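Student: Using the sequences and the hints given, assemble the complete structure.
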Amino acid sequence: MNKFYFTIFFIIYVSGAIAQNKSGFFGRIIETKSQNPLGFVVVSVQNTSLMQITETDGQFIFDSVPPGTVLLLIHSQGFKDVLLPLEIVSDQMLDLGTISLEEDQTLEQQSSIITLVESDFSDENSSSESTSGLLQSSRDVFLQSAAFNWGQARFRVRGLDSEYSTMMINGVVMNKIYDGRPQWGEWGGLNDALRNQEFTLGTTASDYNFGGILGTQQINTRASIYRPGSRITFSCTNTNYSWRTMATYASGMNPSGWAYVVSAGKRWAQEGYFEGTSYDANSFFLSLEKKWSEKHSLNLTAMYTPNYRAKNSPNTSEVTDLTTIKYNSYWGFQDGKKRNSRIKSIEMPTIMLNHYFKINDKTNLNSSVTYQFGKVANSNIDYQNTISPDPSYYRKIPSFYSSLYAKDSGEFSGAFTPDYENAEKSKNSFLANPQIDWTAIYKANQTPFLDSNGIISGYEPAKSKYVLYEDRVEDQTAAINTNLTTQLSENIFLNAGASFKKIKSNYSQHLLDLLGGLYFEDIDTFYKGSQSQSDLNNANRQVIVGETYGYNYNYFAAVLEAFTQFKFTYNKIDFYLAQQFSNRTYQREGLYKNGIYENTSFGKSEKVTFENFGFKAEFNFKISGKKLVTFNAAHLTKAPSLRNTFPNSRLNNSIVNDLESENINSVDVSYIYRSPKLKGRLTTYYSLIKNITQISFFYAEGIFDDGAGYLNTDAFVSQTLSKLNKKNIGAELSLEYQLTSTVKTTLAAALGEYTFASNPQVTLVNDAKASIENTNPVFDFGTAALKNYKQAGMPQRAYSFGLEYRDPKYWWISTNVNYLTNSYIDISAISRTKIFYKNPASGFNFPEATEERAAELLKQEKFDPLMLLNLVGGKSWRIHGTNFGIFASVNNVLDVTYKTGGYEQARNANFREMNQDVSSGTPSFGNKYFYGYGRTYFVNLYINL
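Residue numbers (my numbering): 2 to 946.
Calculated directly from the structure, the hints in this document are not laboratory data.
Check before you lean on any hint, since a few could be wrong.
Straight line, CA to CA, 35 angstroms or less: simulated DSBU-like cross-link-like pairs of lysine-lysine [claimed, not checked]:
(1) 810 to 876
(2) 291 to 503
(3) 23 to 291
(4) 724 to 770
Please read these numbers as outputs of a predicted model, since none were measured by experiment.
Tutor: What follows is the structure in structure tokens.
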């Protein structure tokens, strides 16, 4: 009956269209297996402004298409794109009949993105994760390669960190104010519920936000746009978790105007790929919409994804050679079970209320209120008046003895005096006890008591030397957001938006476990007297489980942003112009009166305010329906993050001197070709980011000048780099060719050159030199010679070739080979300053510090290139009206061992210390590395009801 009415409708419509001399086409879209109509499908004429979204019955009609050859693009999340060449004849309406969309099983790869490695979890609660999560929604072959094939090696598109992207849910920016990056764990495990995504690359126009120079990602959780039905997923893998299950149900819009989506999932592992890395994560999602009228709808979205993940350690080559790349020093056996000392936990519920207001057919206003709260924490072992419990601590491994030198002889280096006997003993001891000794820790916290014969008969709790604590961040974030989209004329469109976000974050140290002891002293044992006190307002505290100690402070931040964007669309050209204004205010409030900084630690700091502007433009030249040339350019300023504003935030209210906003310029040019058989893109790009500020913390030996009156040349320091510039230049190639109806080939290539473009200023804060008179003990180390060194953390060159076979009977298999190279170690800035060459005992340069030897010591390590072979396949069935599917992938089939990143240890902070360490042949403070996964698999079974 429905088909009968559909036919009658189009006969009447076409008759009317002919009478009115209209040119175009019409049709209906259905799902291949079920033959059900598909609503909310995007139907567009490529390289024009003609676009429609199908109704729930799957129909679409275009009646004002210029005569000639056009390409019709049909796109819907979860289905393969369809690209149809059409010949439009004047005064005729072309009947396309019924068009079937086939489920795109390759989207199951989104579920297999599990590339978080330990370099993603810093001790500062930041989330410097790769951009793989950002790219997973894109259909571009290059970006698919970046996410699924290169992401496991920490590849970054255009060499940019995720802080230069904008991640949104329902138009609300989710990037953290603390470090500017999205924290993917806040919505992890909700793959099925968060599949409605839009992605832009670079500075391409976004309807929702001005965006960053890397791109934008928008996730839409409006309940009525979900395809009705249920989906159940079961997965297994051998990466950071072992098992996963998810269930999702979408009701669709009922006659009363209600629609809802619910989803829940769990991921877990007793041990992940690396030793001792347990994993436990739960995910809950709700989207509830009420359509009040044709103009107004309200949608409530709630997400809660508590997750707990044990970390793995970076290791020197010495430790890895003694063990394996899976070795992890953070765990040990306790009562026969593996216990990891370093757990990252995220518990950040998000509640969002969106109002959708259709003002008229050409204007929409979407507004939202968002509240997010919860905590992010990283656990660790604290200790006092004893040695580190880490089994790979430098004093516990052979190189500590095999790299010994005698004391200096005047201005000259002492003799090489290795102790090979103790080095061998140390090796045997490490191999016999390579993990944390929890039993020994508990005994250290207790006092033995003797029986009548003087034999130890038991232990009783005493003052703890070791405790388990966590660095905790408790966030409260409130945000309001509004976004206007309107068509001003036939060719001009306007997007405008404004948002205000306010946060209060508490940063503190919480005691989790006394490890068999009675209490822990809230003091810093490296200092004496009042300086040792964490809080002079509560001196000499004895801390127990659940209490705060060490440091305790609040961050306050307020962010106001607004943007406008005008888009102009014509037959041969499109262009847009966008502008942005933002205002940020930061403030710290110390809740402890620290003994080192008693006058500058307690109470509120000065407010720090930044006003920033941004401008960007895009020009598109439509050579034909298949060919397009695009040009993008942007100039903007970006406020430093909270993290890089307060250089010593745990102890005082000091602010980085002469702090400036980043100055960013970006330009890219692309040639795009798209036909039914061949799709390609060639892009060249250039970006320059100036005035970057970076803060880091480390312990350095021989760094201060004893001759200038400093009693101790060693210190734990806070280092600030300012006026750091980064230059990124490169090209991207993306090719996809349909050899036959079932065989497709892909080729992707990235050629980048990412360098430091300046010699930044280096300042260090030495807490040991603080006093009532010297409340900000900052030492100027001049500039660090970083210019032309390579940016670290990712391959700068990557290539991928893929081959895919897709059978008409709904099974497919593909393989790709990937070659990645030009990846570098993260260098130490302090080792590139002039102070590095000075003898701290005399203030004069070391006599052995020649330019030739310095060049050898300071040469940036380049990692070996690697080749990764991946296999992917899937099959789907429809049985009694139910769709079943299986997806499987094997990454790194050849089980290649490779480094994903690493860093130079800054402990050897002068030439002689480093030269002796390296010359020994067994450096005690060698580079530390992170390793990628070996051969891994992912199997996913899903059922669509």
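Student: If a hint holds in the structure, say so; if it does not, say that too.
Tutor: Verification of the supplied hints:
1. Of the pairs offered as hints, the one joining residue 810 and residue 876 holds, with about 9 angstroms between alpha carbons and a cut-off of 35 angstroms not exceeded.
2. The straight-line distance between the Cα atoms of residue 291 and residue 503 is roughly 28 angstroms, inside the 35 angstroms bound, and the hint therefore holds.
3. A distance of roughly 38 angstroms separates the Cα atoms of residue 23 and residue 291; the hinted pair therefore is violated under the 35 angstroms criterion.
4. Proximity of residue 724 to residue 770 is assessed by CA-CA distance (about 25 angstroms); at most 35 angstroms being required, the pair is judged to hold.
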